[in-house]
Amino acid sequence: MRTGIGYDSHRLAEGRRLIIGGVDIPFERGLLGHSDGDVLCHAIIDSIIGALGLGDIGRHFPDTEPEWKNASSVDMLRQVVDLAHAEGFEVSWIDSTVLAERPRLAPHIDSMKEAISRAGIPSGTVNIKAKTDEGMGFVGKGEGMAAYAVCLLNKL
Numbered sequence: 247m248r249t250g251i252g253y254d255s256h257r258l259a260e261g262r263r264l265i266i267g268g269v270d271i272p273f274e275r276g277l278l279g280h281s282d283g284d285v286l287c288h289a290i291i292d293s294i295i296g297a298l299g300l301g302d303i304g305r306h307f308p309d310t311e312p313e314w315k316n317a318s319s320v321d322m323l324r325q326v327v328d329l330a331h332a333e334g335f336e337v338s339w340i341d342s343t344v345l346a347e348r349p350r351l352a353p354h355i356d357s358m359k360e361a362i363s364r365a366g367i368p369s370g371t372v373n374i375k376a377k378t379d380e381g382m383g384f385v386g387k388g389e390g391m392a393a394y395a396v397c398l399l400n401k402l
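When the sequence shown is numbered by the numbering used here, its final residue is 402 and no position is left out of the sequence of numbers.
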């Protein structure tokens with residue numbers, strides 16, 4: 247058994263779609279990133295890579311590579327789940343928290359679990375929580391969003 251923790255944050259920007267947990271959420275701004283900026287998927291990816299002891303998301307999906315420009319983070323997550331399997335592990339549990347002042351994310355959590363399951367992590371093994379920062383910091387001021395994730399890997 248191995249555990250890993252992941253974190254990601256991105257600035258909100260005009261002219262971008264807001265994609266969190268693989269779900270396109272109606273909002274006036276989206277997350278700025280080299281890929282689609284999906285903070286939740288990025289935090290989950292980082293937690294899995296960490297549990298495998300293989301560095302971090304930037305090592306596997308560098309923002310200097312054109313291949314990852316506007317890439318789907320769910321597709322990136324699928325590659326990391328496949329990597330875990332190749333290393334002899336399966337994802338047994340993900341617990342995650344998304345920090346966003348607006349929009350309300352709770353109505354989208356079931357859709358996020360479904361989207362993440364398409365990456366090979368069964369929806370029954372993923373917990374997603376949505377929190378605000380009550381007006382404090384960059385999240386609270388509406389400048390960006392962040393996410394944390396913890397994963398548990400078990401040997402296949």
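Think of the hints as simulated: they come from the structure by calculation, not from any bench. Misleading hints may appear alongside valid ones.
Here are the simulated lysine-lysine pairs, DSSO-like style, with alpha carbons at most 30 Å apart [unchecked claim]: (1) 315 x 375; (2) 315 x 387; (3) 401 x 387; (4) 401 x 375; (5) 377 x 387; (6) 377 x 315.
Have a look at the derived ranges for each label pair, beta carbon to beta carbon [claimed, not checked]: (7) 380 x 332: 18 to 26 Å; (8) 383 x 332: 23 to 31 Å; (9) 309 x 263: 15 to 23 Å; (10) 388 x 338: 18 to 26 Å; (11) 401 x 309: 12 to 20 Å; (12) 402 x 353: 17 to 25 Å; (13) 321 x 373: 35 to 43 Å; (14) 305 x 363: 34 to 42 Å; (15) 343 x 401: 38 to 46 Å; (16) 310 x 382: 31 to 39 Å; (17) 332 x 363: 18 to 26 Å; (18) 381 x 329: 33 to 41 Å; (19) 389 x 247: 24 to 32 Å.
Please read all numbers here as calculations on a predicted model, not as lab measurements. For every residue, glycine included, the Cβ atom is placed at its ideal position computed from N, Cα and C.
Here's how the hints hold up against the structure:
| no. | hint | result |
| --- | --- | --- |
| 1 | 315 x 375 | 28 Å, holds |
| 2 | 315 x 387 | 27 Å, holds |
| 3 | 401 x 387 | 42 Å, violated |
| 4 | 401 x 375 | 27 Å, holds |
| 5 | 377 x 387 | 14 Å, holds |
| 6 | 377 x 315 | 28 Å, holds |
| 7 | 380 x 332: 18 to 26 Å | 42 Å, violated |
| 8 | 383 x 332: 23 to 31 Å | 38 Å, violated |
| 9 | 309 x 263: 15 to 23 Å | 18 Å, holds |
| 10 | 388 x 338: 18 to 26 Å | 35 Å, violated |
| 11 | 401 x 309: 12 to 20 Å | 32 Å, violated |
| 12 | 402 x 353: 17 to 25 Å | 35 Å, violated |
| 13 | 321 x 373: 35 to 43 Å | 22 Å, violated |
| 14 | 305 x 363: 34 to 42 Å | 26 Å, violated |
| 15 | 343 x 401: 38 to 46 Å | 27 Å, violated |
| 16 | 310 x 382: 31 to 39 Å | 33 Å, holds |
| 17 | 332 x 363: 18 to 26 Å | 20 Å, holds |
| 18 | 381 x 329: 33 to 41 Å | 39 Å, holds |
| 19 | 389 x 247: 24 to 32 Å | 38 Å, violated |
In terms of the numbered hints stated before, the structure departs from hints 3, 7, 8, 10, 11, 12, 13, 14, 15 and 19, listed from lowest to highest.
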